[in-house]
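Based on the hints, put chain H in the right spot on chain V.
Here the protein sequences come in this chain order: V and H.
Adding 2 to a residue's 1-based position in the first sequence gives its number in the numbering used here.
Adding 2 to a residue's 1-based position in the second sequence gives its number in the numbering used here.
Simulated from the structure, these hints should not be mistaken for lab results.
Idealized CB from N, CA, C, for every residue including glycine.
Don't take every hint at face value.
[What the hints assert, rightly or not] Which chain H residues face chain V? A few, computed with CB under 8 Å, are given here: (1) 38; (2) 40; (3) 76.
[As the list claims (entries may be wrong)] Covered stretches of chain V, going by a simulated chain H footprint (3 or more residues, C-beta under 8 Å): (4) 49-63; (5) 70-79.
There are 2 protein chains.
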Amino acid sequence: MRDQKGFTVWLTGLSGSGKTAIAKPLEGALRDRGLKVERLDGDIVRQSLTSDLGFTKEDRDQNIKRVTFVAKLLTRNGVAVICSFISPYRERRAETRKEIEEAGAFVEVFVECPLEVCAQRDVKGLYDLAFAGKIDNFTGVSDPYEAPEKPEIVCHTAEETVEESVARVLRYLEERGFSPTG
Amino acid sequence: MRDQKGFTVWLTGLSGSGKTAIAKPLEGALRDRGLKVERLDGDIVRQSLTSDLGFTKEDRDQNIKRVTFVAKLLTRNGVAVICSFISPYRERRAETRKEIEEAGAFVEVFVECPLEVCAQRDVKGLYDLAFAGKIDNFTGVSDPYEAPEKPEIVCHTAEETVEESVARVLRYLEERGFSPTG
Chain V
3 MRDQKGFTVW
13 LTGLSGSGKT
23 AIAKPLEGAL
33 RDRGLKVERL
43 DGDIVRQSLT
53 SDLGFTKEDR
63 DQNIKRVTFV
73 AKLLTRNGVA
83 VICSFISPYR
93 ERRAETRKEI
103 EEAGAFVEVF
113 VECPLEVCAQ
123 RDVKGLYDLA
133 FAGKIDNFTG
143 VSDPYEAPEK
153 PEIVCHTAEE
163 TVEESVARVL
173 RYLEERGFSP
183 TG
Chain H
3 MRDQKGFTVW
13 LTGLSGSGKT
23 AIAKPLEGAL
33 RDRGLKVERL
43 DGDIVRQSLT
53 SDLGFTKEDR
63 DQNIKRVTFV
73 AKLLTRNGVA
83 VICSFISPYR
93 ERRAETRKEI
103 EEAGAFVEVF
113 VECPLEVCAQ
123 RDVKGLYDLA
133 FAGKIDNFTG
143 VSDPYEAPEK
153 PEIVCHTAEE
163 TVEESVARVL
173 RYLEERGFSP
183 TG
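One chain only, chain V, in its complex shape (with noise of 0.2 Å):
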């Protein structure tokens, strides 16, 4: 493959909806298809960029406009960037698609399951804590999630596997030719 055209996959949805469940296959997946990729997530950069950050409001958009700068740099140069982060707000969603459309393409992935089955699934153990009123800001219970209106792709994790969620996002990054096929 020639140079390589940069762009971010943005998963948002809430915590249990599957987003990292189908950033790493998506990231292995682009990988073997000889892409430069990067994965960025809470865990990812929680140490490094953001560890002074909570959960207000303030707090998860100055973590958004951290790691958006990074991905646009990344973008910008060539990289193949998925970014999984809850992003529960829909204006700070939009300033991060204006930033790295600069820089290349912005693929929102609204990776969509209703709160109850978020709960249900409860992978963190969190919800539990939430609807107890242990923790504050709790996005979906204490905090809103607004939902994308016009996300590039949407992705029904409480009715299709992850293998068929992580085929209809390397499926639309063939069509634009972001990926060869696999």
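Quick look at chain H alone, frame taken from chain V:
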């Protein structure tokens, strides 16, 4: 050129020593040679990455920690990164070196210039304020600058022109195969 090897040129030195004066033409020269280049300095990252940070040791270290994360990601994706930061603390620079060497090459450039000369230049009008006690934690005046012990390159900016300094860095990069010759 085939796949570009990533590296970070890290310019450290007092305020007014000439870090940015070297970084900007270096950026241009590397770009002219067909490399992917990103230049990072305080002005560039303040808005997006470090707006919350001041000049205490803790804040300076945090600043460098965040920049290092970004430089590391760019470096391991084949970008030529040019960082110019006072970065006064040896231990923090050593950590930066360690992190970036896992991603590619780290080229520490000590931009050496006597304090008196920097203060005389006083590009930003800050030394006057610092000597008058109106700025706290000012490197070289009220805060230490720990000079590198084994930098890859030293530029003596009080004794050589910017062109000479830039040429010295370029020669180093050419000799190691990081940059094609101009």
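A quick look at each hint next to the structure:
| no. | hint | in the structure |
| --- | --- | --- |
| 1 | 38 | holds (5 Å) |
| 2 | 40 | holds (6 Å) |
| 3 | 76 | holds (6 Å) |
| 4 | 49-63 | holds (count 3) |
| 5 | 70-79 | holds (count 6) |
In terms of the numbered hints stated before, the structure departs from none.
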